[in-house]
Structure formats: structure tokens, C-alpha cells
Amino acid sequence: MTHKYDLIVVGGGHAGIEAALAGAKMGLNTLLVTILIDRIGATSCNPAIGGLAKGHLVKELDALGGFMGEVTDRCAIQYRILNDTKGPAVRGSRAQIDMDAYNAFAKNVCLNTENLDVKQDLVVDLIVEAGSVKGVVTELGNRYGAKAVILTTGTFLNGLIHIGEFKKEAGRFGEFAAKGLSERLRDLGLEVGRLKTGTCPRIDAKSIDFSKLVIQGGDEKPIPFSFRTDKGNFNPTQLPCYIGYTNQNTHQIIRDAFDRAPLFSGQIQGIGPRYCPSVEDKINRFADKDRHHLFIEPQTKDADEYYINGMSTSLPIDVQVDMIRSVEGLENAVITRYGYAIEYDFVQPTELNHTLEAKKIEGLYLAGQLNGTTGYEEAAAQGLIAGINASLKIKGREPFIVGREEGYIGVLIDDLVTKGTNEPYRMFTSRAEYRLLLREDNADLRLSGYGYSFGLLSEEFYARVIHKKERIVSLLDSLEEKYFTSSKENLALLSEMGEEHISDKVLYVNLIGRNSFDKEKLSKLIPETVGMDDEIKELILTECKYYHYIKKQQKQIEKMRSYINVKIPLNFVYDGLPGLSFEVTEKLKKIRPQTLFHASQISGVTPAAIDVILMYVKLIKK
1 MTHKYDLIVV GGGHAGIEAA LAGAKMGLNT LLVTILIDRI GATSCNPAIG
51 GLAKGHLVKE LDALGGFMGE VTDRCAIQYR ILNDTKGPAV RGSRAQIDMD
101 AYNAFAKNVC LNTENLDVKQ DLVVDLIVEA GSVKGVVTEL GNRYGAKAVI
151 LTTGTFLNGL IHIGEFKKEA GRFGEFAAKG LSERLRDLGL EVGRLKTGTC
201 PRIDAKSIDF SKLVIQGGDE KPIPFSFRTD KGNFNPTQLP CYIGYTNQNT
251 HQIIRDAFDR APLFSGQIQG IGPRYCPSVE DKINRFADKD RHHLFIEPQT
301 KDADEYYING MSTSLPIDVQ VDMIRSVEGL ENAVITRYGY AIEYDFVQPT
351 ELNHTLEAKK IEGLYLAGQL NGTTGYEEAA AQGLIAGINA SLKIKGREPF
401 IVGREEGYIG VLIDDLVTKG TNEPYRMFTS RAEYRLLLRE DNADLRLSGY
451 GYSFGLLSEE FYARVIHKKE RIVSLLDSLE EKYFTSSKEN LALLSEMGEE
501 HISDKVLYVN LIGRNSFDKE KLSKLIPETV GMDDEIKELI LTECKYYHYI
551 KKQQKQIEKM RSYINVKIPL NFVYDGLPGL SFEVTEKLKK IRPQTLFHAS
601 QISGVTPAAI DVILMYVKLI KK
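In the numbering used here, the protein residues as written are 1 to 622.
Among the clues, some could well be false.
Mimicking DSSO-like on lysine-lysine, the simulated pairs with C-alpha atoms at most 27 Å apart in a straight line are [to be verified]:
1. 231 <-> 221
2. 134 <-> 524
3. 393 <-> 359
4. 590 <-> 221
5. 537 <-> 469
6. 567 <-> 618
7. 168 <-> 119
8. 482 <-> 537
9. 551 <-> 505
10. 524 <-> 537
11. 231 <-> 86
12. 359 <-> 179
13. 468 <-> 419
14. 419 <-> 559
15. 537 <-> 567
16. 86 <-> 469
17. 545 <-> 231
These are calculated hints, taken from the structure and not from any lab test.
Starting from the given sequences, assemble the full structure and let the hints guide the process.
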């Protein structure tokens, strides 16, 4: 074997970038193998990062020392907080990006990172000896040895593109599919399935009548994605997006073409994303709707092409032209890139441990769409965790597992490995039980300690996080203990602020927790907050507003941790245990949960079954 590395990452998408950069920054001699170097960091679908719950993932990535937040702030062309009028736990940051700049910046960072080699080649086989991965074999005949391998193949494994009756093997339009690896994974005993996703048409800007569309600008005071971005000098140029609508004519054009739609004709076998359906699927499922939103979004700072978000489709090209031109403002639209669906192979994520290492092949890690997820953010989160854990394993250190109570990343991975998926999984705030604790605004406080310990964050940045955390904790502690009395001076202060009077003493935390309290009132009430960063003030207001709910969730977490601490031996025998049904037994044998809590998260595993497992685990330990 001519070439030897510590770590090999296969695939240069969002998962692969995070995995490779993590390995290299943690001091490993790392190789990134990708089909086309020029497409590293390509945004195959919509030119945007973040969104509801997805923004949480990017913030957590950044807090751990990941790359996506940084590159977004370098290439963003519009920032918006979604659900801004709702509670802070369900708000989501989103940024339109210059997709060309994002791609170029990601490529250049990978090519210029110490300890990271990048090769343009196609991996066709894995070298496995005695149940442990030892390297990869490429189409060009190269054999690369490694102590660990991370597969981040996205939609490329046996990728098949559909546009109407037209079919073509490809991982992305214009890029050939990866052949051979799916069969190899099956041979190694991993469960491989088939999924489907898609993308929307792009339109020449010159052919759009923007006067007929509703303009949608960015936030007046944009908030960067990365905690490491200098907020004092943050003033990005923002471009407008636009809103349009389908109509009854649009819907009829689509209905008339159902017999030519690969989704309905039987041409597509894979299961598509439930929460991001194609436009033909929307028209079929929601036949009572008179119209659907379309978001017309610029793809680059030059704004010469626009992406029609909400019109993902695999319909024939003539139908795509007709349905787009039926939309007001798009009557003369010229399509530059047609929408298409793509089918691809994925590995059932129950084949993985929480570290994202395959249960059956030591040293083999999987991340991204290969694990049945959809979305750049979900992919990047998995890539970072896989990269960290592969590096820790090589270094002989303990694995890193983000708990459900610690981050959305923990929720994502726990859902995947304990429940599996039969459709492309995407993150939602509703999937997180402790979302009041897992907000975007406190991701750095929650997770930066881990990133620093892995060598992914600088000492200078982490020192700032510690200082910020100490200030917040100290202030909140005092607010939880100190009373605001109904003295004459205090009542006058309340009156001055336009706040309701109090008849008795009240804890400062409860007073500040009123819905009517804002940053200005906080500074009047608590002089030491004058001059504090607005970000910290908002965080304090949030903590006070949800104080009692947060305390309740913290108690729930303490109870949950008692389950987490109960480890289930890997060779634990479930067969024959009284009280376990055949169905439950088979699920437990397949998933092999690592802790009692992980067992409790598996669909169909009842509290009674958990009690049985606990009893027998205790007997073994005796």
C-alpha cells in the first residue's frame, strides 16, 4: 500500500468538509477524496443556510469549532430570523448565500488547511480486514491506507436523476454517480435502502417581472451565524428575495401532467422527503389549496439567476416551462437549469453507534445524506461529529456523544441511530424535548468547552465564552435570590418604565420575566447591565421569561440522566427475557442501544420493557 493516512474522508459535500477539517485540525494526517475538487462545498439545492431548527444546528456546529457558520458569514447575501414573533426557542436563523462564493471559499480552505490532502478520484471499494476498515481503493487504482474512514457520499451512491421520462445516472446534474460502494456495504452486512430528493428550476433574472412579486428584504440588524464573527464590523450587503404564488392554472397544468410525472408513474422507487415535497406532490396531497407560496431567491451576489423555492419538481421540461410561466411575474421566464429528482442509496442509520461508527465495521464512520437525512445543515452536523469521533478513536481518547439535553445535534443523531428512518429525515424544533434550553443564543455557552478541548477553537475565543458565561451566571444567580420591594422609590421606577405596580416583594427574575420587559428597562432596573452587549441582555431576558419552565426541564433532564448512566453491555442477551415481546426483542437486537435511555427512545419499547432490561442489567453487574 503506497499511500498511508490517519484518516480518509470520502466525499467533498457539507458533511465531508466538516469531517476532513475536524480531523486535520485535531492533528491527524487526513485525506479528502472527492469526485470533483471544483465542487467541494457545492449547494446542490437551495442557495441558503439555516432555517427553522436548521439554524440551531449551524450555531451548534460553530460552537463546537465547525466551519459552516464561518463560511456562511463570508458568503451571505441576506439574513433573516424566521419565527421572529414567536418564542426564542423556536426562532431560526437563515441566510441566503452566494452559492458560487460558498463553493469557492470552501474549496480554498480545504486545499490550504495543514494536515489535509485533497485528491480528485472516485472511491469504489473499502479495504476491510478482520472486521476493521483499513483503507480505500479508487477507480484510478490508488490504494490508500488509514486508521479510520468516513463515508460522506451524499446522493452519489447509485444516483439516478429523473426529469420526466428522461433518466440518467448521476450524483448531481452533470456529475457521474458513484458505483460499487453500495454493493460493498451490503456485502459487509449493512442495510442499504433507497431514498429520493429533488431540486427546483433556476430562472434567468432578465426574464422576471419583479414588479409583480412581493419584495422580501433582510433583517435591518442582521445577526451573524458564527459566534467568532466580529459583530462590531458586521454589516453585510443584503439583496432582496421575492414572494410569488401558484394559482389554479398552475395547479391544472401540473394535474394534467400527473401521468408523465416520475413520482406517480412508478419510475421513481425511492421515498421522498415528507416535509419538503415536490410541487406535484403538494398539488396532489393538498388539492383543496388555491395557491402555494413560491420564494424567488438570488443564487449569487450578481443576482443573474433565481431559485424558485417551493417548486421542486421532476416533471418534464415542457411542463416545467408552462407551470412556471403560469405564475404572475414569471410569464416570460427563461429556465436556465431545470428541476429534477434524484434517487440514491442510503444506509439505515440504526447500523451506527451514536459516534456514527458502523456497529459491524470498526473504524468505518458514515455521515450526511448517506444516513438518510436531508439538508446541508443535518449533513454538516453529522460530518463534524464523525470527524471528531474518528479522530478521538485514533488518538485513543473517549468518544464524544452530544446528549439530547445538550444540543439539537444530539437529538438528530439519537433519532437516527435509535429510530432509523424510512424517509429523508430533517430537523424540527418539535423533535427536541428540551428546546427551551437548546436555543440558538446559548449554543456557545453549551458546547464551546467541547470544541476547545478537541483543539477546534482558539484559546482566545474560548476565554471570551468563559467570561461571557461567568457574567451571565453571576447576574442570573443574583436575580434568583434578590427581591424587588414595593418601596416608594421602586414603585416610582416601575411607573417611569410603564410597568404595573406590585403590592408585595417579588424576585427580580420574576419581574424581569414579564413579557413587557425589554433591554432598555433591564438597564434601568439593573445598572450593571448598562453597556452590556445586546446579545447578553437578550439572553438574560429570555432566561428570566422562561425561568420556571427552564427549571422544570432541568429537573426532567436530571431524571433522564439516571437512565443515561445505566450502560447496556454490547453482548446483552435479549432473547428469552420475560416481559419482552418478540417485536421489542428484535428491535433491541437490531439497534443494540448503548444505554437504558437510548433503549427508551426506540419506538415500541415500553416503560415496562425498560424495567425488565434494568433489572437484568443489574443482575449481570452483580
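Results for each hint:
With a C-alpha separation of about 11 Å, the suggested pair residue 231 and residue 221 falls inside the 27 Å cut-off, and the hint holds. Straight-line distance between C-alpha atoms of residue 134 and residue 524 comes to about 63 Å, which puts the hinted pair past the 27 Å bound. Restraint check for residue 393 and residue 359: satisfied, since their Cα atoms lie roughly 14 Å apart, inside the 27 Å limit. Proximity of residue 590 to residue 221 is assessed by CA-CA distance (about 49 Å); at most 27 Å being required, the pair is judged violated.
Among the hinted pairs, residue 537 with residue 469 is consistent with the structure: their alpha-carbon atoms are about 12 Å apart, no more than 27 Å. For the hint linking residue 567 to residue 618, the alpha-carbon distance of about 10 Å falls within 27 Å, and the restraint holds. At most 27 Å may separate the alpha-carbon atoms for a hinted pair to count; residue 168 and residue 119 meet this at roughly 26 Å. Only pairs whose Cα atoms come within 27 Å are accepted, and residue 482 paired with residue 537 is accepted, the gap being roughly 18 Å.
Annotation: proposed proximity of residue 551 to residue 505 holds, straight-line Cα distance about 21 Å (limit 27 Å). About 12 Å separates the Cα atoms of residue 524 and residue 537, which keeps this hinted pair within 27 Å; it holds. In summary, the hint linking residue 231 to residue 86 is supported, as the alpha carbons are separated by about 24 Å, within the 27 Å threshold. Of the supplied pair hints, the one linking residue 359 and residue 179 holds, its CA atoms being roughly 23 Å apart against a limit of 27 Å.
In summary, the hint linking residue 468 to residue 419 is not supported, as the alpha carbons are separated by about 37 Å, beyond the 27 Å threshold. Note on residue 419 and residue 559: the hinted pairing holds, with a Cα-Cα distance of about 22 Å set against a maximum of 27 Å. Annotation: proposed proximity of residue 537 to residue 567 is violated, straight-line Cα distance about 41 Å (limit 27 Å). Our distance criterion of 27 Å between C-alpha atoms is met by residue 86 and residue 469, whose separation comes to about 25 Å.
Using a Cα cut-off of 27 Å, the hinted pair residue 545 and residue 231 holds, with the two alpha carbons roughly 25 Å apart.
Violated hints, listed in ascending order, are 2, 4, 13, 15; each of the other numbered hints is respected by the structure.
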